[in-house]
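Chains as they are written, first to last, in this note's numbering: chain A, 662 to 927; chain B, 28 to 410.
Derived from the structure by calculation, the hints contain no laboratory data. None of these values were measured; they are calculated from a predicted model. All C-beta atoms in this analysis are idealised placements derived from N, C-alpha and C, irrespective of residue type, glycine included. Treat each hint with caution, since some may be false.
For each label pair, taking beta carbons as the anchor points, the in silico distance ranges come out as [said to hold, decoys possible]:
id : chain 1 : residue 1 : chain 2 : residue 2 : range
1  : B       : Leu32     : A       : Gly714    : 33 to 39 Å
2  : B       : Glu321    : A       : Thr870    : 35 to 41 Å
3  : B       : Glu70     : A       : Gly714    : 25 to 31 Å
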Amino acid sequence: MMKVLVTVKEVATVEDEFEIEGTAIDERYLGADLNEWDDYAIEEAVQIAEAIGEDEVDVVTVTIGPEDCEQTIRQALAKGADRAIRVWDDTLEDADLLDVGAKTAILEAVVEDEDPDLVLSGVQSGDDSFMATGVSLADAVDFQWAAVVNSLDLDVEGDTASVRRELEGGVEELTDVSLPAVLTIQTGINEPRYASLRGIRMAQRKELTVQRLADLGLDSSVVEGDLRLTGMSVPESESDATVFAGGPEETASELAAILREKGVGQ
Amino acid sequence: MDFGLSDEQRQIREEVRRFAENEIEPVAQEYDVEETFPHDVHEKAAEMGLTGPYIPIEYGGAGYSILDTTLIVEELFAVDPGIALSISASSFGCEAIMEFGTEDQKERFLEPVALGEKISGAAISEPDTGSDVSSVSTTAEKDGDEWVVNGTKMWITNGTVGDFFVVLCKTNPDAEGRYNGFSQIIVESDRDGFSAEKITGKLGIRASDTAELVFDDVRVPEENLVGTRDAAFLQQMQFFDQTRTAVAAQGVGIAKGACEAALEYAQDREQFGKPISEFQAIQHKLADMHTRTEAARMLTYKSAWKVDQGEDITQLASMAKEYASRVAVDVADEAVQIHGGAGYVNDFPVERFYRDAKITQIYEGTTEIQKNIIARELLGKGL
Ligand SMILES: Cc1cc2nc3c(=O)[nH]c(=O)nc-3n(C[C@H](O)[C@H](O)[C@H](O)COP(=O)(O)OP(=O)(O)OC[C@H]3O[C@@H](n4cnc5c(N)ncnc54)[C@H](O)[C@@H]3O)c2cc1C
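Isolated chain A (complex conformation):
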């Protein structure tokens, strides 16, 4: 039995116009949704299970978050994950900020419990955008890893994941990673499905276990980090729009010149 662990986060979404109160955005402007990158990671895991055989692959999601985010977790279950773990307790509730170190420690404990063959995380979360949790977890549990994966081909027999990953400047790398591994999944790797009505129905009956830090053998020290949120502001935005006039023949080469100059195209 192969096991795929997917890290799933419910992220804060914010309206186009909002107000900041101290170091937080006013509740009125906030919504919640499944982290976009995690949606792709879930889809990838479910596709792996469908390809290999749903009885032979166990897709488990893990979320650090309060009870409110169970609806988002059920969304992952409705899309085909088999069961879910949610880690939360008063210590986590009272923490101002869960930094990458804290998340790594918690997920590390879950990986030790679950012993997965493959861990899929999103490249980043849409709200905090640390872009670090997946890779940091790989380091902690001493798994092989690949970040920003936009294509994945799994060879279960050979215990290898052949991946294509995005580097900077439009360069991509093809590489093999041996299992167990952590892959951080980039959007566009697949086309995430909608949760089907049947899936939603079945998701209500799937197992969702809640674990406290103590259940994972951790204590409150994991939330103590060096990172503090000291301020929040809307970044100055400078608009830099260039309008090309004329037909596609002329404008295409003008556009290409600019892209080349900015280092976007090769």
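We have chain A already, so just place chain B with the ligand on it with the hints.
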């Protein structure tokens, strides 16, 4: 009393809305203008299980209740009624098979519809038979082990795209009483003698297919009879509570879509140096639209919930259908008004809502017929 939705129901609503915004909204204008059936959207909807959500799980559906189905219909219609109907009515007629069909009929007809492989329809209306359903003149005569169907059906939803239709036929012309002697017979569209001609130029729900069906000595096996011979009228009446509640849900959805569009536009559009939502005249319109939509929604949910409890709710279902359809028409009208000139062209969805809303006052029994029913029930008069 509990007015809350379950987590599961909230999840259904959110996922259906997500589907509608991503898959329906971008193509809504195009299908409306082209007046073509949205096969590709129907196919995607089927993958998600939106075709026949109330069909039991053992026949490929999701086994959802009428209240769950109401939530789905509302969300789909809030984005585009034409495409929404193409999806939600793709199982039209199947409710009769579900309730009265044989095991064999359920397997043959329900499953492919739930999976989106087939589309069904219900054929009751005729050129000379609208509100007075008892005047149906399409006949089915028994010849050996076959039924021979002759006649013309009018305004049939899914007429040229449907694979089979549950057709209301006169099977016993000598039956006593206006409501006796009718049967429901399944006619597949690939039978010899069946033809369908698309009706174009509709005011609204133009993505939905509507056609005139002609049955010219169409032979179907006797196993295609649904339920009891000559008892179709009673059978048909059992679904009015359900189908009228479904149209009420369509009305609530249209009103919701129009309300949302109007609220957004009123905050964006500026005149006299401020958003038009600052003007009390506009505020009162918005307040009234949202209040009436919520009232229609409550009436509709209650009606759906009662159907799920197995109660007989002729009067309540008619109230919901009549009121929600009227609210849809009025709210869409006000939404266009709030948009001013921009509401008069199809760049914004309110122009479609305005045209689409009207059908909810016509099909599944007109407004006048619903009021007749409500009054009849109030006054304790029989059929
Ligand atoms: C887009 C579309 C899709 C449709 N889909 C289907 C379908 O899938 N299957 C199907 O079988 N039918 C379908 N219909 C037909 C629809 O159900 C009928 O149009 C409707 O029942 C009204 O019948 P009618 O058009 O003959 O109007 P009529 O019955 O001729 O009514 C004309 C007017 O007279 C009024 N009136 C009639 N009788 C009374 C009375 N006793 N008291 C007071 N007022 C009265 C009506 O309310 C209406 O205002 C569809 C129609 C449309 C336009």
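Taking the hints in turn, this is what the structure says about them:
The hinted window of 33 to 39 Å between Leu32(B) and Gly714(A) holds, with their beta carbons roughly 36 Å apart. Here the CB-CB span from Glu321(B) to Thr870(A) is close to 38 Å, well matched to the stated 35 to 41 Å. Range check, Glu70(B) to Gly714(A): about 26 Å between beta-carbon atoms, so the 25 to 31 Å window is met.
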